[in-house]
Amino acid sequence: MTDVTPRVRLTGITKSFLGVPVLHGVDLDLRGGEVHAVMGENGAGKSTLLKVLAGVHRPDGGTIEVDGAPASFAGPTDAQRAGIAIIHQEFTLLPHRSVAENVYLGREPVRRMQVDRRRMVADTRDLLDWLGEDGIDPTDAVSSLSVAQRQVVEIVKALSTDARVLGMDEPTAALADHEVELLYDLVRRLRERGIAILYVSHRMREVFDLSDRITVLKDGRLVTCAPTGELTPEDLVRYMVGRDLGEYYPDRAAPGDLGPVRLALRGAGNARVRDLDLEVRAGEIVGLAGLQGSGRSALARAVFGVEPFTTGGLEVDGAVRRVTRPRTAVRLGIALVTEDRKGDGLALRQSVRDNTLLVRRAALGGRRARARSDVSRLLDLVTVVARGEHQEVRFLSGGNQQKVVLAKWLAVEPRVLLVDEPTRGIDVGAKRAVHELLRDLAKRGVAVLMISSELPELIGMSDRILVMHDGALAGELPAGASEGDVMALATGHTAGAAA
Amino acid sequence: MSILQQHTTARHTVRRPALRRRFTPVVVVYLALVALLVIGSVLVGVRGEVLLDQAGILNILTRSTALGLVAIGQTMVILTGSLDLSVAYLIGLTSLIAAETMAGQDGMVVPGVLLALAVAAAVGLVNGLVITVLKANAFIATLGVALILRGYLEDNYTGPAGDVPRGFQHLGYDRIGPLPVAALLMLAVAALAWWYLSRTRPGYHIYAVGGDIEVARLSGVPTRRVVVTAHVLCSLAAGLTGIYLASRLGSGAPYVGTDAGYDLESIAAVVLGGTLLAGGRGGVVGTIGGVLILATLDTIFDDLAVDPFFKDVVRGVVLVTAVALYARRMMADRTRGRLA
Amino acid sequence: MTWRPRLAEGTAPVLVVLLLLLVGLALAGPAYDEPSGYLALLKRAAPLMILAIGQYFVIVSGGFDLSVGALVTAGVVIAARLIDGDESATTPVILLVLGFGLLVGLVNGLITTKLLVPSFIVTLGMLLVLDGATFLWTDGAPRGALSAAFRTFGRGALDVPLLGEIPWSVLILLAILVAAALFMRSGTGRALVAAGDNEAAVRMSGGQVDRLRLLGFVLSGLLAAVAAILLGGFAGVSAQVGNGLEFRAITAVVLGGVLLGGGRGSVVAAAAGALSLEALFTLLNLLGVSGALESAVQGLIIIAAVAYASLGGGLRQRLRTRPKQRNTVQPAPS
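Protein chains in written order, with numbering that gives the first Met the number 0: chain X, 0 to 498; chain R, 0 to 339; chain E, 0 to 333.
Hints are not guaranteed to be accurate.
Here are a few chain R residues that face chain E, going by a calculated C-beta distance under 8 angstroms [what the hints assert, rightly or not]:
(1) TYR29
(2) ALA135
(3) LEU142
(4) GLY143
(5) VAL144
(6) ALA267
(7) VAL270
(8) LEU276
(9) GLY315
(10) ALA326
(11) ARG328
In case anyone wonders, no lab produced these hints; they're calculated from the structure.
The beta carbon of each residue, even a glycine, is placed where N, CA and C say it ideally should be.
Given only the sequences and the hints, what does the whole structure look like? Please build it.
See below:
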């Protein structure tokens with residue numbers, strides 16, 4: 000059922016950003032009627048590859064062929080013209096407009112000076128029918144659709160450009176479990192209709208359920224490309240993580256270092272997570288693993304009172320507490336370093352100093368907020384490199400911004416520190432500094448709960464690892480557990496993998 | 000999530016939108032208008048008078064004409080996520096240009112109208128370019144232009160000037176039955192604007208830019224052109240208002256727009272009509288409803304011989320209450336979207 | 000880290016503009032050879048500067064306050080009617096006017112934060128209500144008269160040792176300016192700016208964004224009441240005393256380099272923006288430019304100021320960030 004000539008063939012693609020190579024000569028071909036999965040850890044180069052295909056990034060080297068003819072994309076419009084469409088993780092829909100209006104946004108068919116609404120609706124309905132999606136009406140407002148249905152609209156929008164190659168970046172990240180099934184169906188139908196699909200994901204189950212071939216990238220290089228049937232999950236994990244284990248992590252806590260239980264959850268749950276039972280002691284770093292959407296971040300946000308628990312109990316230092324907003328959490332000594340430091344971690348136009356003092360001023364106020372003298376001490380502690388305390392944080396590198404986030408929490412001396420992807424998008428040196436700082440805090444009696452998608456980091460740092468799957472805790476692993484064990488629990492592929 | 004829960008949520012998403020669609024802000028506005036007319040009729044009736052007699056209808060429509068025209072233009076810019084504070088002075092300016100060009104001669108009517116509209120379009124172009132090219136906040140950009148126009152008016156005029164020929168004054172006073180011609184023309188402009196916004200491609204793009212300018216840009220919408228066009232159209236609407244007022248007054252008057260507070264008043268009418276101040280949602284039909292409500296309120300108060308200053312108080316309260324209600328609905332929508 | 004004088008981002012241009020205007024005044028008018036000329040300028044500018052300081056609190060936290068002009072008128076009219084020439088009523092009425100301003104700010108703030116109505120609409124509604132209510136209460140024209148004691152604040156002066164006669168309004172202005180500058184250095188003040196910059200970050204840091212923004216509106220209302228007291232004394236009782244002041248105050252704040260939408264700018268610069276506006280009008284006056292053109296000039300400069308901030312500032316930032324990305328490891332200048 001596959002064509003002989005691939006729809007798209009990428010050969011020897013290289014790409015660097017500011018002198019840092021991200022892709023080293025990657026080959027990839029996409030055939031009509033095939034789902035080609037690309038897997039790899041964070042930073043392996045998956046998204047960059049997708050953006051090269053979409054014409055967002057121009058490769059430094061290598062060739063792109065479309066239907067056997069060489070092609071070069073100056074921008075996304077060129078790729079679109081060549082029949083390539085990408086569905087990004089963020090939605091690009093206008094909620095108040097109808098489905099049809101969104102699908103044809105910027106390309107509305109015009110007849111006698113008017114937008115040909117009938118045709119637009121009919122064509123959209125055709126596409127929806129073609130996909131077998133009869134639950135969506137082209138005249139519905141997008142705001143009335145579920146997240147999964149919106150994803151369908153994104154796909155229809157991409158297909159309406161006559162795309163024959165569809166790139167999907169972690170398409171299930173925003174979906175609930177039952178919605179994932181709907182997406183599976185849709186992808187299979189697209190395949191049947193001869194569309195070539197590039198499916199970027201790091202969810203094992205999805206990839207095995209859906210794909211015909213799998214390409215694994217690691218550190219910007221092609222590790223393997225093989226038909227799905229010839230690979231086992233164990234193979235994949237090995238391909239993805241097979242790396243030099245020379246990375247350094249600070250020493251773990253000795254049994255005697257552990258103090259009393261600082262944070263405990265007793266059967267806690269809300270709309271996103273359920274039946275959570277866990278304890279974090281003073282002096283330990285507990286790793287929280289899980290795939291995107293497994294509920295790791297939801298757990299941290301619930302503890303911090305952003306989306307509070309609705310059932311079960313939360314204990315801080317042995318006392319049962321109700322935390323319904325961040326302010327309460329902060330005053331109880333809980334800190335949350337969020338995964339989106341620009342979105343809700345920092346006020347970017349404010350100075351390093353103002354951000355460092357933000358929590359102290361915002362949550363504590365009054366006399367306790369004063370004590371200005373120790374800002375430079377805090378900044379030294381987290382080793383921020385800036386022109387000065389008065390530089391605006393938006394001018395800092397990602398690593399230094401993250402250090403400022405840490406400094407703002409250190410300023411209130413938390414007893415429970417929740418960190419969500421603390422080293423995402425920061426360079427190696429800063430990463431190491433953050434690691435050492437976290438361990439240092441644990442040594443001083445802070446209970447640290449660390450979420451990370453980077454397994455080596457999580458394993459290297461944690462005194463024990465909790466793994467989440469589908470909104471619940473799937474299991475606990477001791478320090479130094481293998482990546483395979485973690486992945487097995489996180490992907491729900493429990494049988495046999497732990498061996 | 001259990002099967003049972005899935006079923007109930009599914010049913011919610013199917014049933015709720017239908018209900019919501021029935022009570023769009025536009026429907027709410029017109030229901031409010033009807034309610035207002037009924038209550039007004041009763042109150043006026045108690046005094047032994049009739050609200051909606053020929054004079055009453057005439058009164059409401061005449062009051063609606065000028066504000067309606069400005070508000071139609073204002074709707075366009077607000078839908079793109081912008082706003083225009085320069086309309087009030089522009090109305091004064093165009094009334095003067097029209098009246099002075101006409102200078103009492105019937106033959107100069109067409110040149111007068113065209114010149115006034117050309118100047119209006121130029122002012123709109125400046126507004127649009129300052130916002131898109133100089134990247135100035137729309138509030139400041141149009142406030143700045145408003146001040147420049149004001150300076151010009153204050154420097155050159157002390158009072159009414161120009162002379163509108165008798166023939167052209169028919170525009171302001173003629174009627175077809177109980178309906179003033181100008182009000183009908185205003186409604187025709189509204190219909191045209193409705194068609195433009197809801198049926199043409201540039202109209203679609205106005206909603207897209209106001210809804211999310213980034214999404215619009217990524218989808219290939221020429222966002223700058225959309226904003227500039229909306230400002231030109233808004234200024235043209237203000238120009239028409241100026242011409243209409245000149246025909247009613249018989250001359251041009253520098254402060255005819257500002258005395259009536261058409262800048263803020265038009266924004267109030269648009270927002271009252273259910274258009275989101277942030278853009279992307281709403282339309283001309285609601286705006287006309289908002290204008291009619293304000294005009295009806297005025298007429299009722301006149302009939303009841305209520306202190307004129309009381310009108311302002313009621314206006315302020317009505318405006319804030321209406322927007323608070325819309326905001327609640329938006330919140331409800333958003334939570335529903337998240338749960339769906 | 001060594002201390003060096005530092006200006007908040009966007010402050011420098013307005014200070015340069017102000018300096019040029021003051022130099023211009025010195026060259027153009029003989030009255031500005033002596034400090035008394037500048038003192039008179041400051042006295043004239045005081046109400047607008049106070050309004051700009053109040054408006055700053057709202058704008059920097061991400062809102063607008065269009066009601067201040069109407070509030071000034073209301074304040075003056077209320078005071079005139081209640082005092083009605085009775086000296087003994089001065090103190091209670093002043094307190095009442097201040098309380099009224101506070102209340103209006105509170106209502107603005109509560110509707111904005113609790114009912115989620117955009118502040119533009121809320122304060123526009125408040126403008127209509129205040130305008131209507133004031134004249135409803137006075138039957139259309141301001142009545143009564145202010146007491147001499149009341150008027151002292153706007154027109155009188157205090158004999159300060161060494162310095163001579165200093166107008167009350169200048170003293171009040173300075174006190175407010177110093178208090179505002181100190182407040183903006185305090186934790187709450189910084190949190191207010193941060194809330195205008197990134198609401199989510201402040202909330203996730205345990206801050207109460209709603210309360211901060213409410214505080215901004217309350218301060219704006221209170222300071223508008225102060226401005227009303229000064230203007231009542233300075234300009235006398237009229238129904239037009241507050242006309243257009245809201246736009247003038249916003250202009251001044253923007254001229255001071257404060258970002259509309261919040262998150263950036265200094266309160267001193269906002270006040271400097273107001274002083275610049277007054278200095279500009281004075282200068283134009285001295286140069287014999289028709290008073291009518293004042294607003295045209297005002298319009299041009301605010302467009303220029305905003306364009307400079309968004310274009311010029313953007314360019315500077317781009318130049319500044321680029322080298323930083325390339326080498327993140329550099330010695331801290333501590």
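A quick look at each hint next to the structure:
1. Evaluation of the TYR29/R hint against chain E yields a violated restraint, the C-beta minimum of about 21 angstroms exceeding 8 angstroms.
2. Interface restraint check for ALA135/R: the shortest CB-CB distance to chain E comes to about 4 angstroms, inside 8 angstroms, so the restraint holds.
3. Contact between LEU142/R and chain E, as hinted, is supported at the beta carbon level, the nearest pair being about 6 angstroms apart and thus within 8 angstroms.
4. Against a cut-off of 8 angstroms between C-beta atoms, the interface hint on GLY143/R holds, since the closest Cβ of chain E lies about 4 angstroms away.
5. Annotation: interface hint on VAL144/R holds; nearest CB of chain E at approximately 6 angstroms, less than 8 angstroms.
6. Given hint, ALA267/R at the interface with chain E, holds; its Cβ is 6 angstroms from that chain's nearest Cβ, closer than 8 angstroms.
7. The restraint placing VAL270/R at the interface with chain E holds, with a minimum CB-CB distance near 6 angstroms, inside the 8 angstroms limit.
8. Given hint, LEU276/R at the interface with chain E, holds; its Cβ is 5 angstroms from that chain's nearest Cβ, closer than 8 angstroms.
9. About 3 angstroms separates the beta-carbon of GLY315/R from the nearest beta-carbon of chain E, less than 8 angstroms, and the hint is met.
10. Among the interface hints, the one on ALA326/R holds; its C-beta lies about 4 angstroms from the nearest C-beta in chain E, closer than the 8 angstroms criterion.
11. Here the hint on ARG328/R is broken, as its CB sits about 11 angstroms from the closest CB of chain E, past 8 angstroms.
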